[in-house]
Amino acid sequence: MRKSLIVIAFAAVTLTGAGWWITAPQKVDAAVYADLIGVPARGAVVFHAGGCASCHSAEGSSGEAKLILSGGRSFLSDFGTFHAPNISQDSAHGIGGWSVTDLANAMIHGTSPEGRHYYPAFPYAAYRRVAPQDIADLHAYLTTLPADATPDRPHDLAFPFTLRRGLGLWKALYLTDGWKITGELTEVEARGRYLAEALGHCAECHTPRGPLGGLKLERWMAGAPNPSGQGNIPNITPARLDWSAADLVAYFTSGFTPDYDTAGGSMAAVVESLSQLPDTDRAALAAYVKLLPAIE
Amino acid sequence: MFKGMTITGAVLGLAILAGAATGQDAAQKALVDATKARHAQMGLYSFNLGILGAMAKGEVPYDAAAASAAAGNLAALAQLDQTHIWPEGSDELGVDGSRAMAEIWENMPDVMAKNDDLVTAAKAMEGAARTDLASLQAAMGPVGEACGACHKAYRVPSN
Numbered sequence: 001m002r003k004s005l006i007v008i009a010f011a012a013v014t015l016t017g018a019g020w021w022i023t024a025p026q027k028v029d030a031a032v033y034a035d036l037i038g039v040p041a042r043g044a045v046v047f048h049a050g051g052c053a054s055c056h057s058a059e060g061s062s063g064e065a066k067l068i069l070s071g072g073r074s075f076l077s078d079f080g081t082f083h084a085p086n087i088s089q090d091s092a093h094g095i096g097g098w099s100v101t102d103l104a105n106a107m108i109h110g111t112s113p114e115g116r117h118y119y120p121a122f123p124y125a126a127y128r129r130v131a132p133q134d135i136a137d138l139h140a141y142l143t144t145l146p147a148d149a150t151p152d153r154p155h156d157l158a159f160p161f162t163l164r165r166g167l168g169l170w171k172a173l174y175l176t177d178g179w180k181i182t183g184e185l186t187e188v189e190a191r192g193r194y195l196a197e198a199l200g201h202c203a204e205c206h207t208p209r210g211p212l213g214g215l216k217l218e219r220w221m222a223g224a225p226n227p228s229g230q231g232n233i234p235n236i237t238p239a240r241l242d243w244s245a246a247d248l249v250a251y252f253t254s255g256f257t258p259d260y261d262t263a264g265g266s267m268a269a270v271v272e273s274l275s276q277l278p279d280t281d282r283a284a285l286a287a288y289v290k291l292l293p294a295i296e
Numbered sequence: 001m002f003k004g005m006t007i008t009g010a011v012l013g014l015a016i017l018a019g020a021a022t023g024q025d026a027a028q029k030a031l032v033d034a035t036k037a038r039h040a041q042m043g044l045y046s047f048n049l050g051i052l053g054a055m056a057k058g059e060v061p062y063d064a065a066a067a068s069a070a071a072g073n074l075a076a077l078a079q080l081d082q083t084h085i086w087p088e089g090s091d092e093l094g095v096d097g098s099r100a101m102a103e104i105w106e107n108m109p110d111v112m113a114k115n116d117d118l119v120t121a122a123k124a125m126e127g128a129a130r131t132d133l134a135s136l137q138a139a140m141g142p143v144g145e146a147c148g149a150c151h152k153a154y155r156v157p158s159n
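Each protein sequence line maps, in turn, to chains A and Z.
Under my numbering, the first sequence has 29 at position 29, and the numbering climbs by one with no breaks.
Under my numbering, the second sequence has 148 at position 148, and the numbering climbs by one with no breaks.
It should be emphasised that the hints constitute simulated quantities derived from the structure, not laboratory data.
Do not take every clue at face value.
As the list claims (entries may be wrong) - No more than 30 Å apart at the CA atoms, straight line, and that leaves these computed lysine-lysine pairs for DSSO-like: (1) Z:Lys-36 to Z:Lys-114; (2) Z:Lys-36 to A:Lys-66; (3) Z:Lys-114 to A:Lys-290; (4) Z:Lys-29 to Z:Lys-123; (5) Z:Lys-114 to A:Lys-66; (6) Z:Lys-123 to A:Lys-66.
Stated by the list, open to error - Just a few of them, taken from the derived set where beta-carbon distance is under 8 Å, the chain A residues facing chain Z: (7) Pro-225; (8) Ser-254; (9) Asp-259; (10) Tyr-260; (11) Ala-263; (12) Gly-264; (13) Gly-265; (14) Ser-273; (15) Ser-275.
Glycine included, C-beta positions come from ideal geometry on N, C-alpha and C.
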């Protein structure tokens, strides 16, 4: 009941005068990206740290086939089912015609080249912290991947979530800037924070959400119901996770837990991406996890 | 006389029912036993991986002989004949505590291929474990990947 009231209010605000202004899709300052030269090899690290293939490769694909970003995987949510789009180099069905600025608008503001809002199933809530050079590098790397002509499948959503314009209000309410973990960080810890809070978008699953899908920031990484299926995403704060930094690095590398069980569910796909990163990045990510404040 | 026949019939009927129940119990026990045996095999995997993993993480010093023995055990475990340890019906719905998905029995060739991948990774670990620590560390990833490939496809999430 409370949820449906919020939903009605959400739709109403969207369609009224001030709401229309607030909900306008935003764009980056193109000048910031104009002179950047992307390096594909560095972009590969951005790609794997961002876990792009976990969502944008075809369902059931593995190994090299995960670099064919044809889209099509489905993600259940409280608002309906999202279908990941084709982000391969096909210029008709993928993003082959995109400039670095187009990619930046998508990742920083969740805005498409046509100036429409993307749904936040695409984790721009985290990616908005990605550095411009990393976006240029990622763009350069993506252009080295194959084109695929699979057409996008429209999302299956319930009204009023079909009103994309309303996402502007969602963005105004829930997009934040800056870092969640602050204070004196070592260089390694700061790199870990960048990997976790910007590229890795760990909080998208490990932090619970409110009725409209905004993260409950006060419960940072304290676990949440699994958005797409049974079970729970675990609390990874020291209140519930007592793994050493070495345990974490081993997990990110091989998928083995300290009990020598293997990563399960969506985390198995995350490990597939993390295992492609340099050792130093996995160590940095582990250092970040060890920094998290304990939340029961 | 008629009464006597009824009683005899009833006794006979009960005996048949009991026989059927016993047959059912025995069949269920066979599924439970197979599941327990699988879990024991998984336990042996994890014990031997623990020896290798502790060295890989630097928790204990590298010991070529101990690492080599543990890796040999992994390879031997992966090559056990598993024909009778995976009876159909011993899935998550059939046996308490089983996390095996019914899809295993619909995709046996793929399950076998995934086991072959584990044999390959475990044999590579045998070579790596007796070489040096860096080789052992590098071989952990492929072993984890092989274990995880089957768990990802065919194991029910734990919570």
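Results of checking the hints against the structure:
no.: 1; hint: Z:Lys-36 to Z:Lys-114; result: holds (21 Å)
no.: 2; hint: Z:Lys-36 to A:Lys-66; result: violated (36 Å)
no.: 3; hint: Z:Lys-114 to A:Lys-290; result: violated (34 Å)
no.: 4; hint: Z:Lys-29 to Z:Lys-123; result: violated (34 Å)
no.: 5; hint: Z:Lys-114 to A:Lys-66; result: holds (18 Å)
no.: 6; hint: Z:Lys-123 to A:Lys-66; result: holds (26 Å)
no.: 7; hint: Pro-225; result: violated (11 Å)
no.: 8; hint: Ser-254; result: holds (3 Å)
no.: 9; hint: Asp-259; result: holds (6 Å)
no.: 10; hint: Tyr-260; result: holds (4 Å)
no.: 11; hint: Ala-263; result: holds (6 Å)
no.: 12; hint: Gly-264; result: holds (5 Å)
no.: 13; hint: Gly-265; result: holds (5 Å)
no.: 14; hint: Ser-273; result: violated (12 Å)
no.: 15; hint: Ser-275; result: holds (6 Å)
The structure shown violates the earlier hints numbered 2, 3, 4, 7, 14.
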